[in-house]
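Chemist: Residues per chain, in single letters:
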Amino acid sequence: MSFWSRVQRASVERLHIRLESLLVLVALSAVMAVLSPYFLSLSNFLNILLATSTIGVLAIAATFVIGSGGLDLSLGSVMGLAGVAGAFVAVNLGWPSVFAVCACIIAGGLAGYINGQLVTRAFVPAFIVTLGMLGLARGLALVISQGRAIYGLPPEIVYIGQGRPFGVPMPVILLVLTAIVAHCLLAYTRFGRHTLALGDSEGAARAAGIRVEHHRRIIYTLSGALAGLAGLLFTARVNAGDPTAGINYELTAITAAIIGGTNLFGGRASILGTMIGALIMGVLQNGLTLLAVQSYYQQMAIGAVLILAVFIDQYQVRKESRV
Amino acid sequence: MTLLTLQGIRKSFGAVDVLHGVDLSVEAGEVIGLVGDNGAGKSTLMKTITGIYRADAGSIELGGRDILPLDPGQRRELGIEMIYQDLSLAKQQDVAANIFLGREPTKKLFGLIPGFVDKAEMDRQAAKMIERLGAHLPSINRSVGSFSGGQQQTVAIARALTFNPKLVIMDEPTAALAVREVQSVLDLIRRLKSEGIAVILISHRLNDVLAVTDRIVVLRHGRAEANLVTAKTNMNEVVGRIVGGGDTSAAAAHEQRG
Chain A
1 MSFWSRVQRA SVERLHIRLE SLLVLVALSA VMAVLSPYFL SLSNFLNILL
51 ATSTIGVLAI AATFVIGSGG LDLSLGSVMG LAGVAGAFVA VNLGWPSVFA
101 VCACIIAGGL AGYINGQLVT RAFVPAFIVT LGMLGLARGL ALVISQGRAI
151 YGLPPEIVYI GQGRPFGVPM PVILLVLTAI VAHCLLAYTR FGRHTLALGD
201 SEGAARAAGI RVEHHRRIIY TLSGALAGLA GLLFTARVNA GDPTAGINYE
251 LTAITAAIIG GTNLFGGRAS ILGTMIGALI MGVLQNGLTL LAVQSYYQQM
301 AIGAVLILAV FIDQYQVRKE SRV
Chain B
1001 MTLLTLQGIR KSFGAVDVLH GVDLSVEAGE VIGLVGDNGA GKSTLMKTIT
1051 GIYRADAGSI ELGGRDILPL DPGQRRELGI EMIYQDLSLA KQQDVAANIF
1101 LGREPTKKLF GLIPGFVDKA EMDRQAAKMI ERLGAHLPSI NRSVGSFSGG
1151 QQQTVAIARA LTFNPKLVIM DEPTAALAVR EVQSVLDLIR RLKSEGIAVI
1201 LISHRLNDVL AVTDRIVVLR HGRAEANLVT AKTNMNEVVG RIVGGGDTSA
1251 AAAHEQRG
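Residue numbers (this note's numbering), protein chains in the order written: chain A, 1 to 323; chain B, 1001 to 1258.
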């Protein structure tokens, strides 16, 4: 076994990170640093992290669902719905901010719970259920907000999005905390191991006595709740409950998860890897913005990267299984 | 000591009678070969032993205890394990994860937060289990899917062993294996026998069955057609009982060569 493949294997086994994605991140950053004089600065670094925070939380949700052999296309819409729900509770109802925060998480979790129920009880494929929820949640967000953004959020909520304790943006702190908890949950607990086993072989999981359907419902609910958290972060940051928030975000989130080494068909996933994937997407978008590339092209870049990431992943899987 | 006794087991699915009163007994530490043509009822019979199917009539006793009303989980607790042909392994997970899937040992993180998998303990026990089988695997930290068929079979057997079984039922364990690997799986079966564990081996590979079993039970049209002592029979007789009379020398010669 060559030195390179040994290091590769160790990084996957010990750190749960695909070495290639880390190299891509470093290389991409180096290219951006050469192309733009503004790239290498602390404020731009924090900018990238801040812009990555929402996508990062969604990508964590995508990692759990895809790792378990499922799919959640409704992430972006549920995020939009959750943000509107929180803003509605805080502004239109005038309830205390803590209720608004809960409303975001609960709205997201509820949407995810419905996804899970439909996938496991109605036997509609996850692809269709969450595609339907993509439309349902977006429509409901527009209904609740009557098609307009809800302004005038209380300062506590705005602090969640714009506050900077010790100079670090709050969304970044919350993303890091969420990622740490999610990483421990996925890599070190029975829940996480069963999640990956389930995505690997549903038959093996069932034979081992894992309550497969129950487990899937929890994962979809968790995914929705995380989308709710992302909605809260976004709403607080832009200081408005925007019903069109998060359109196409599921595309970026799923791409980040796949780049991070999540197997599209389940069984292999790592939150640390996904964070690297999210940073790659963040650096890509930030760099293209600094280079004054139109945002339409950025959209195209994300789509191309998704296809490329899956291609490389599947290529490697085929190469390994040939040995 | 008789471990398992089946008497007059009947099972039908709708209008199709699959088992017409099968009798079978297994001694502790005995290796039984269960052979028969496709559709003879081998799988159905095994699933009535593990409890996945409920027999329509007849009795099943394990160590003198009637286990007919018990569900598969309860029967497993009493010591009946089955290893399916697809092995039910999670191919992208490592050896220890597969052996302990669903029963991972846990510890408290910093002595406070429960539910964390004790990976070190799991690896240690998994390595011990593989060693107990006298088997060699490239690394217990590699994903099972990167192993050969025989090595995967080893993992499946190691997993079964952690349930402290009295009886292990193996469905075609050598069917898809390379020639050299067949021997190591047969060695594993002998190892189980030496530990006092009874094995029911379902196989189409009659050479393997003749090599490793104490007795051969031939199932034909849902009945136990023959009960042969392996040491006192030969390929010709086994093939004759499977296909049911006629000139079987050509078929037997073919099996002999295979």
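Calculated from the structure, these hints are not laboratory results. It should be emphasised that the depicted structure is a prediction, and the values quoted were computed from it without experimental measurement. Check before you lean on any hint, since a few could be wrong.
[Claimed, not checked] A few chain A positions that, by computed beta-carbon distances, are all more than 10 Å from chain B:
id, residue
1, Y38
2, G152
3, R164
4, I173
5, Y188
6, L196
7, G203
8, A301
[To be verified] Lysine to aspartate or glutamate pairs mimicking DMTMM-like chemistry, simulated, CA-CA at most 20 Å apart:
id, chain 1, residue 1, chain 2, residue 2
9, B, K1091, A, D313
10, B, K1091, A, E202
11, B, K1047, B, E1172
Ideal Cβ placement from N, Cα and C applies to all residues, glycine included.
Chemist: Which numbered conditions among the earlier hints are violated in the structure presented, ordered from lowest to highest?
Modeler: 5, 6 and 7
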